Amino acid sequence: MIYPGQAILRVDLTNGKIEEEELPDSIVEKFVGGKGLATYLMYKEVKPGIDPFSPENKLYVFGGPLAFIYPTFTRTVVASKSPLTGLYCDSNAGGSFSIELRRAGYVGVILEGRSDKMKCLKITKEEKKLIDCESLRGKSTYEVGEVFRDYSILTIGPAGENLVRFAGVFIDLKKNPMTRPGVAGRGGLGAVMGSKNLKAIILKGWLKQDELARGVNKDVQKDLTSRYLKILQEDVVPGIGIGGNLPVFRVAAEAKILPVRNFQAGSHERWEELADDAWSKITIKRIACPTCPLRCGTTVVEDGSSTERIEYETVAMNGSNLMIISRKALAQINTTLNALGMDSITTGNIMAFLMELNEKGLLKDYEIHWGDSESYIKLAYDIAYRRGIGNLLAEGLARASKALNAEEYAMHIKRLEIPAYDPRGVVGMALAYATADRGGDHLRAWTVAAELTSKLTMEDLVNLTKYLQDRNAALWSLVACDNIPGNSVKPPDEMIRIYIQMLNTLGFNYDEESFLKLGERIYNLSRLFNTREGIRRKDDSLPPRFHKPREDTGWVITKEDFERMLDIYYSKRGWDSEGVPLKETLDRVGLAGLI
Amino acid sequence: MNPTTIIVRFYGVLKEIVKDRLELDLKSSEILFTDLIKEILREYPALGNYIIISGEEVEVKGISVLINGRHAMFLGGDKALIRDGDVIDVLPPLHGG
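Line by line, the protein sequences are chains A and B.
For the first sequence, the working numbering assigns the number 1 to the initial residue and increments by one for each residue that follows.
For the second sequence, the working numbering assigns the number 1 to the initial residue and increments by one for each residue that follows.
Wrong hints could be hidden among the right ones.
Coverage of chain A stretches by chain B, computed from C-beta distances (three or more under 8 Å per stretch; other residues unrestricted) [what the hints assert, rightly or not]:
id	region
1	538-547
2	551-560
Quick list of in silico lysine-lysine cross-link-like pairs, BS3-like style, CA-CA up to 30 Å [what the hints assert, rightly or not]:
id	chain 1	residue 1	chain 2	residue 2
3	A	K455	B	K15
4	B	K27	B	K15
5	B	K79	A	K281
6	B	K61	B	K27
7	A	K44	B	K15
8	A	K548	B	K19
Rather than coming from a laboratory, the hints here were simulated on the basis of the structure.
Values in this document were obtained by computation on a predicted structure and should not be read as measured data.
Beta carbons: idealized from backbone N, C-alpha and C, even for Gly.
Bound conformation, chain A alone (with noise of 0.2 Å):
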């Protein structure tokens, strides 16, 4: 064993059996924990063409070694193929889910099978079982967390017990929150809990963090958890804005890369109204994750409507998006798709993309216009209660789209619609965008940093690409927290190898070249999980909009651009003309042998 907890549970949620399984040295060595071991369980027990909804999918959540030993990792990582892609997901949220795993002496748990009735998974000293929770069908996740308040608990809302295929999967959820809560939201993650009648874990460790961190010297995590508080405090908190991220609607707006009206334009006269200093004026708190000093998750209250966790992806998908500049409206929409339990990127681009319909006349249906926040809380519920039009769009846009025979108004890449930033302006995030592993994703590879240095060729881009999708899937089996490197005011690089000393006190053997390795093993993985699906070349691609000109700047990424683009990035992979791995890249990076 190289770390406390070495350990799984795994639930099977047919016949009710959870059993404890210790995972071997050989692949805690390889894969470590979070990201890495969910990838390499997931490729390995996931049969490839099998229907995400169907009892043979399982769900992974793990945390990761250095939770509750070192501050701040505490992300939960969430996996499983998901139901809006039918690809490989994963999806990491914030809260204190991770560390109480951690102190329940874990750092997994796989679900399996499915139950016939609503079940929630408790996980305490005295007793791990499934526990009856019909009563708690229909209930949004904010009640779930009144329910067992004194518990840190994952749960799901109404529209992952309806399958929605973005169902999102949320941690800590409950009325005036003392820690931040998180959001596991891409991919349709809760929809796959939903499949399973899965309602909740919930649990509460007992593990000291001595007894955690058995066997790591004591002066060492001393030195090292001072050093990178320290860090923290002079590199990162001055980049920390409200909610964590919102200072980039700013930065989007004046740049013109800012979502508006579906990517149609980049910035609108009145974007003031939602960047960080009006957010600033209202917020009443400013919380954090266990452990961690950041304070990154913003309540604010408007004119009596109030939310927890607001943050920039969700003001610009679902305000500048679709001309709602209202921080009240998106207040309620935030607090209303997290009771529902429904991913804020992809509702913004659903409602976006119905809304352009309207203003072209291409929707006889159904009316919902640029603004109308109302219909919008009206149609979220619809969707998360599969009603009306609400059934076809629970789908995901995708699928919708296609139905409506419009799907060039539609913008996802292989089926997870995109994030809020046009690629036609910060170019060096389009590779990102269409290269990353669970489909249309800017965390995978944030490449237009301050902190990054390239020159201006293809070739240094993708070599930006790569080493950032390589370095945060290495992060993301730690689990570190996404805040962090992004807003750091410096370049990382001390920090992470800050990092690689903490988990080399816990009995790794990790240095600043094996650790990208690692990353770099992981990404091969979920690659080879989806080209197994069948993903190939022409799905590293991007939506039609980005390849014509936008009208108010004339930006664009042409087709032959992009591709000349791609082929660089195969090349520096390893993988084939089509995007498939060679076998010489799974020598390389450790894959030999192990699947």
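Model the placement of chain B on the given structure of chain A, informed by the hints.
This is chain B only, laid out in the frame that chain A set:
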């Protein structure tokens, strides 16, 4: 030689250094992107926090450079030729995600 008039537009924090738009009249009919940047940096050295000339190479810190709407890297990068009437957009880096 015919003079060259080009427009360079700056966005976000870069506007605070340069102003939002430069209209440049240059002596030759075309100019290498690197040489253009050298001219601009001479007048606005604070831009050096974001654009660095290293020999004849341009390095950028998170910023995007578009020439007539297409990213400069597709047009030869720092070897791109800028001609009369061209419009260059320089976008700032972003924090967040």
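Each hint tested on the structure:
Counting residues of the region 538-547 of chain A whose CB falls under 8 Å from any CB of chain B gives 0; the rule of at least 3 is not met. Only residues whose beta carbon comes within less than 8 Å of a beta carbon in chain B count, and the region 551-560 of chain A has 6; three or more means the coverage holds. Our distance criterion of 30 Å between C-alpha atoms is met by K455 (chain A) and K15 (chain B), whose separation comes to about 22 Å. A hinted pair counts as satisfied when its Cα atoms are at most 30 Å apart, and K27 (chain B) with K15 (chain B) qualifies at roughly 25 Å.
At most 30 Å may separate the alpha-carbon atoms for a hinted pair to count; K79 (chain B) and K281 (chain A) exceed this at roughly 47 Å. The suggested pairing of K61 (chain B) with K27 (chain B) holds, with an alpha-carbon distance near 29 Å, which does not exceed 30 Å. Annotation: proposed proximity of K44 (chain A) to K15 (chain B) is violated, straight-line Cα distance about 52 Å (limit 30 Å). Proposed proximity of K548 (chain A) and K19 (chain B) is supported: the alpha carbons are some 29 Å apart, at most 30 Å.
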